[in-house]
Each structure stands twice: as structure tokens, then as C-alpha cells.
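A.B. asks: Read off the chains here:
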Amino acid sequence: MPMSNRSTHLAVGLIAGLGLGFLPHPAAAEGPVFKVDPSWPKTLPNNWILGQIGGLTVDGQDHIWIDQRPRSLTKDEAGAAQKPPQSKCCMPAPPIMEFDAAGNFLKGWGGPGEGYDWPEQEHAVRLDGKGNIYLAGNGAKDQMLLKFTTEGKFVKQLGKLSMPLGSKDTDSVGRVADIFYDAPANELYLADGYGNHRVMVIDADSFAFKRMWGAYGKPPSDDNIPMYNPASAQFANPVHCVKIASDGLVYVCDRSNNRIQVFQKNGTFVKEFVYDKDTRQSGSTWDIALWPDKNNTYLLMADGTNNLIRVIRRADGQVLSTFGTGGRQAGQFHWVHVMAIDSKGNLYTGEVDTGKRIQKFTSNMTP
Amino acid sequence: MKNRLKLILALVLGALMSSSSAFAEGPEYKVDASWPKQLPNNWIIGQIGGMNVDAQDHIWVFQRPRSLKPVDLAETKHAKCCIAAPSVIEFDAAGNVLSSWGGPGYNPDWPEVEHGIFVDGKNNILLTGSGNKDGTLLKFSRDGKFLAKFGHQGPTAGSQDTSALGGTASIAFDPQANELFLSDGYFNHRVIVLDADSLAYKRMWGAYGKPPADMKLPNYNPKSAQFANPVHCVRIANDGLVYVCDRTNDRIQVFQKNGTFVKEFAIRPETHGTGSSYDLAFWPDKNQTYLIIADGADGEAVIVRREDGKEVGAFGHYGKQAGQFHNIHQIVSDSKGNIYTGEVDVGMRVQKFVPNMPPAK
Chain F
-6 MPMSNRSTHL
4 AVGLIAGLGL
14 GFLPHPAAAE
24 GPVFKVDPSW
34 PKTLPNNWIL
44 GQIGGLTVDG
54 QDHIWIDQRP
64 RSLTKDEAGA
74 AQKPPQSKCC
84 MPAPPIMEFD
94 AAGNFLKGWG
104 GPGEGYDWPE
114 QEHAVRLDGK
124 GNIYLAGNGA
134 KDQMLLKFTT
144 EGKFVKQLGK
154 LSMPLGSKDT
164 DSVGRVADIF
174 YDAPANELYL
184 ADGYGNHRVM
194 VIDADSFAFK
204 RMWGAYGKPP
214 SDDNIPMYNP
224 ASAQFANPVH
234 CVKIASDGLV
244 YVCDRSNNRI
254 QVFQKNGTFV
264 KEFVYDKDTR
274 QSGSTWDIAL
284 WPDKNNTYLL
294 MADGTNNLIR
304 VIRRADGQVL
314 STFGTGGRQA
324 GQFHWVHVMA
334 IDSKGNLYTG
344 EVDTGKRIQK
354 FTSNMTP
Chain C
1463 MKNRLKLILA
1473 LVLGALMSSS
1483 SAFAEGPEYK
1493 VDASWPKQLP
1503 NNWIIGQIGG
1513 MNVDAQDHIW
1523 VFQRPRSLKP
1533 VDLAETKHAK
1543 CCIAAPSVIE
1553 FDAAGNVLSS
1563 WGGPGYNPDW
1573 PEVEHGIFVD
1583 GKNNILLTGS
1593 GNKDGTLLKF
1603 SRDGKFLAKF
1613 GHQGPTAGSQ
1623 DTSALGGTAS
1633 IAFDPQANEL
1643 FLSDGYFNHR
1653 VIVLDADSLA
1663 YKRMWGAYGK
1673 PPADMKLPNY
1683 NPKSAQFANP
1693 VHCVRIANDG
1703 LVYVCDRTND
1713 RIQVFQKNGT
1723 FVKEFAIRPE
1733 THGTGSSYDL
1743 AFWPDKNQTY
1753 LIIADGADGE
1763 AVIVRREDGK
1773 EVGAFGHYGK
1783 QAGQFHNIHQ
1793 IVSDSKGNIY
1803 TGEVDVGMRV
1813 QKFVPNMPPA
1823 K
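Order-wise, the sequence lines are chains F and C.
Residues -6 to 360 in our numbering are what the first sequence lists, from first letter to last.
Residues 1463 to 1823 in our numbering are what the second sequence lists, from first letter to last.
Hints were generated in silico from the structure; no laboratory data involved.
Think of the CB as a built atom: it goes at the ideal place given N, C-alpha and C, for glycine as much as any other residue.
Treat each hint with caution, since some may be false.
One-sided and incomplete, this derived list gives chain F residues near chain C with beta-carbon spacing under 8 Å [unchecked claim]: (1) Leu43; (2) Asn222; (3) Thr272.
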């Protein structure tokens, strides 16, 4: 079970921090090296400002979609929306926004409407490449999954705004954090979630329940078990990411247990990896992006508590390098929450709490 | 064909006219997101209380370690990052940390909330604070050795008290008379002048150069008879005019050094919230033709003509992306016209902006 070495990381961090950061220490490392592109995105139109970034994904055209939280803005941030306006800026941007790789805003929509339950707190976003987009939230009552067209027309809903129904209920979800679309089987994998303790798989068209599992592929349970335990028999809350690699392995972020677990698509447990196991607060394994070469050779892992991104060899889970640190300057992170990579190896990140921004990182490698 | 040409001309002209920058007067700025470099020692910075540029174009930052939250600090989350940086940090124009010192407990009168910083003509560092009990001006050597103080800690006795300060936000230095000018402040409603060596009280004034008062008057009134709180900046131009930021009255008042009122400019007077005139820097050409004003409520740096206060440009936008501002609080310029900014609330960063033209010397 590989584990990143805390003292080595600290030493590397200190050396880099002592002004020796120009030494090519990443060049010696295996895997891609990333650099922030602070010109992305361009200034938003319509005097808009972003709130917390609940979800972020890249579609088949390398467009970046975010699911952001207008209601997380403070009065000072949404000064122009106050009645009367208290300042020139700003108006809350719509929750769903599409950008291109050059940083242009292309389209935006979303929010409460007729015929569906908009989440109390925006979180998951995923496209299926067939003109549909799937959304979920992590508010206290967000026990539903929503399907819209990419133009914002409502299609379908599973579950509803309600009190939690638990990890045994197959007609609702429990504050889903992440969604992955598996095209060959036309199935949706749900990291479920902030309330439930499971991975749940449903048919992408009918939303019919297919299967579900908890930690180690066992039936999910909602026992009250302490967090920060990388050997826990249960997923902690939140089950924060689910991604499927090109070889069919399913990666699940058990955020507050500081681990990822790997499964076959049928839920059979394969292996697990632990990262910075002493991390407290919100845990160390927030989100995963797969390096877009044929074999998905590397995993990139966002860690919003340590405020860094790990470059990991997928085969054995070994940390090859990390980048980023806590802070508000360009290229730093305050609660880096979600992450996605495009076909060219550009990485996009989204921050929550008071971070409230999206950033682009270019890589030195072509996948 | 002729009509088509006309159409094209009209379109081009229209595009030029609608792009306000095409005919804009004054410098235009672009963020340099590579400044500063990654801090040493796993440090993180909190809110930026004060900033000043010294004679060597070094940037001095007075930041607030206690404004950092548990989520920012390694020890509270068993995480790798971060450790609160010292309060006083000196950077060069390339973004390197050159020196650092200070922080809570460094001196018995250390401010509750770090705010004003100024490097005086003798290379000493002057510090003030904006906390409830911050009534002291502290003087240190450049490397952090305590030298002298004015005032004392404790809630202010009001704007008539000449023995202590009331949350002084900003400090300026007049080399000709060897005097310090303080914008005082978060609780008092005055400019107060001290001898730079003895720190003895010299004089003070309120809005329009009248004796200061502590009446309870509404904010957001650019014609108010009194400075609102906070009196947030004081800067002295090369021609001897003294500029004072009356932040929540959305105005700048201009005085002679003796306190005689000269003129005033309203800055975006429709602004409410935390006000529009937070701080100002001079465009460093011979005549200091422009003032570059940090407008914290609107999240922009506003360029106005110093002569008449007319707005000729602006840069930045409220927000967290590089080049945007979340409560831009401090703004300073170096001799080359580079602008450095500092943000408060959850902004907690410093940024550098580079102009598109050199200042005419």
C-alpha cells in the first residue's frame, strides 16, 4: 500500500520554498509538470462574478463546464445585486457555465424552475456526449439527480428535495458529489455522497437502479463510524469522486478517510491507496483526473486540505510529484475542490470556501 | 462599393469608440501574476493591512497573521500547508522576499490589527494598527529593532486627544519639514502631524481643514462636514499637496501641509458598502499627473487626473482570479510606474501590475 512520504514532501517543499524553486526538481520526476495560465478565464461578461465551484468537467470538445454556487456570494461580492446596489460590481453568474480552452464564456443557465427541484447547493456536473448534462447537489435536502439538455432544457429527475432516505434507498440519492458517464453501458456512476455512503449505478436513460456498493465492495451502510481511518469498513462522508479509467477500473475518493478505493465496474474491490493519512479537517482525497493518454498512465489528485495536486502513477498509486500550495496568488489553492483535464493535458481546477475561482494549468507533456 | 467602404469605416469607428481604452488618457495596466514568487518557509499571508515602496523600489507589506483561518494553517489540520508569515515583509520588484520580522507579541504595543506602514527618510519603519485599542505609532529600524513610539494602546479618547491615536490607517512623510502625517483613522476623524524624530505632536485637522469632531454623521456623503471612519489614507505629492482618503464618504480631500483645505473630488459617489476611496498612489511622472485609487467596494483600481479628479481609466474587476480584486485595500507605485496592490477580507494577497508606458521624467 503506497503512501506518500510526509517528511520527503516537507523537505521538497522547504527546498522549493527557500528560493531554490528554480532548480529543475520536477524535471527529474516522472510525469507531467504543470504551470498556471493566469490569463484563463477572460473577464466574465454581464458584470458577473463566480461563487464557490461545486463541480467542474470537460466535454468531448475540450470545453469546460462548471456548476458554481451563486448563493455562496457575500453581499460585498454581489454588491450590484443588492437593493439598492451598493457598488458597481457584481451580479451573480448563472450556476451552469461553459467555457472554451481560450477562456471565453460560451453559455450559461440554471437555477430554480418549473418541473424540477434545483439543488440547494450546486455540486456535481457531467455530460454524456449525447447532448445531455447531469447535475446533483450537496445541500441538506438534495436527494435528487437532474438531467437537462446542454442548452438547459429539463429532461428528467431521480429522487426529490427531501429529508435523507439512506444508503439502502434505490429511488433517491443522498447528496451526490460526483457523476461519471460510462458510454459503453450507458450507465451513470454516482459518488453518493455527502449523505449516503455508497457508489450507485443507474441507467442513464431510464434512471433505473442497476447496482450499488460501499467500501471494499460490501453492501453500503450508514453506521456512525469515525473518519480519518484509511482502513475503515465504510466510506466516510463525503464519497467525493468517481472516475472510470480506460481499462474499466473505477476510482472512488473516500475523502475524509484519506484514501481512494479502486473497483471493477461490477463493484468488485480491487485495491486502495492512502495519501497523507494524518490529514484531518476535510481529508486529503478530493477529486481525481485521469491523464488523457491511452493508458491513463497518471492520476492527478486534488487535495483541498493540503492545498496541492498530486501527480500519481496509476499502476501502483505512487506519488511522483506535487504542485500548488495554500494561498490566494495565481497558481495557489484555497480549498481546491474539483478538477478536470482536457484531451491535450490542460488541467482545470475549481475552489470552494472563500476560494471561488477557476484556474487553468498547462502541462509540459503531450499525452 | 462606396457605400460598403462607408459601412466598414462606420463599423471600425464604432468599434474604436466603444472600446473605452482606445482613446483613453493615462497608463494602462496588466497583471504580472508571477509576482511575488512562492514564499519561503511554507509561509502564507493574511489580510494586507498596509503597503509602502521605499527609495530602492522595494515593497514593504504589513500583513495580518491573525486574520488567517484554521483552514489556512498546517497545525490545525495536520496538513502540509501553511505557516503564518511574519507581519512585516520586504519584497523586491522581482518578487523575492528580502527581509521579514514582527508579529503579534513582537512588541508590547504591537497592533491588534496591522494597518499602516511607512519607510521614512531615515530608513526607519513606522507601523500603526486599526484595532479597537490601537492608539500607538511604533518606530523600528529597517531590520526590526524597536526605536520609539507615539501614543499608547487603549480605546481612543477621541479626536481632541493629542497624546494618542485612534486606529491610524496610513502614514506619510514630508522630508522638507521632517514631519509625519497620519490619517487617524478608524475611530478618530482627523489628520494628525508629528515631528518625525521626536514624535512630538505638531497639529491636526478634520474635513475642510476645520477642527476635527466626533459627531455621529451618516456615511456616503461626499459633502460631509466631517471625515467618516475610516480616514483611510494620507499621501503627499511632490508639489506639497496632501491627499486624504475619506473612504466611506467616497471622496478625496486635498490640503496644504498646514491643513488649509484646497479642493475635493468625489470618487464614484453612488458607492455604498465599504466605500470607494480606500487608498491612492501617484503616477510617478514629473508632475504626478494621475492618481491611481484603490476602490475596494467596486473591486477596481481607478485612474483619475490629479488636477481635477476626472476618471480617465480603471483596471481590475471584483473577484478572485489573477488581476481581479477582492477588497483591494492598499495601492502603491514604484519609480517605474509599477503598481502593487494588497487585499483584505478573504482576499489575502498581493499583486503586481505593469504599465504600458514609462512615466515621463
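A.B. asks: Is the interface hint satisfied for Leu43 of chain F? The criterion is a beta-carbon contact with chain C at less than 8 Å.
C.D. replies: Holds: closest Cβ of chain C sits about 7 Å from Leu43 of chain F, inside 8 Å.
A.B. asks: Does Asn222 of chain F pass the interface check with chain C, least Cβ-Cβ distance below 8 Å?
C.D. replies: Violated, because the Cβ-Cβ distance from Asn222 of chain F to chain C comes to roughly 14 Å (cut-off 8 Å).
A.B. asks: Quick one, is the Thr272 of chain F hint okay against chain C at 8 Å, beta carbons?
C.D. replies: Nearest chain C Cβ about 5 Å off; hint holds.
In this structure, only the earlier hint numbered 2 is contradicted, and the remaining ones agree with it.
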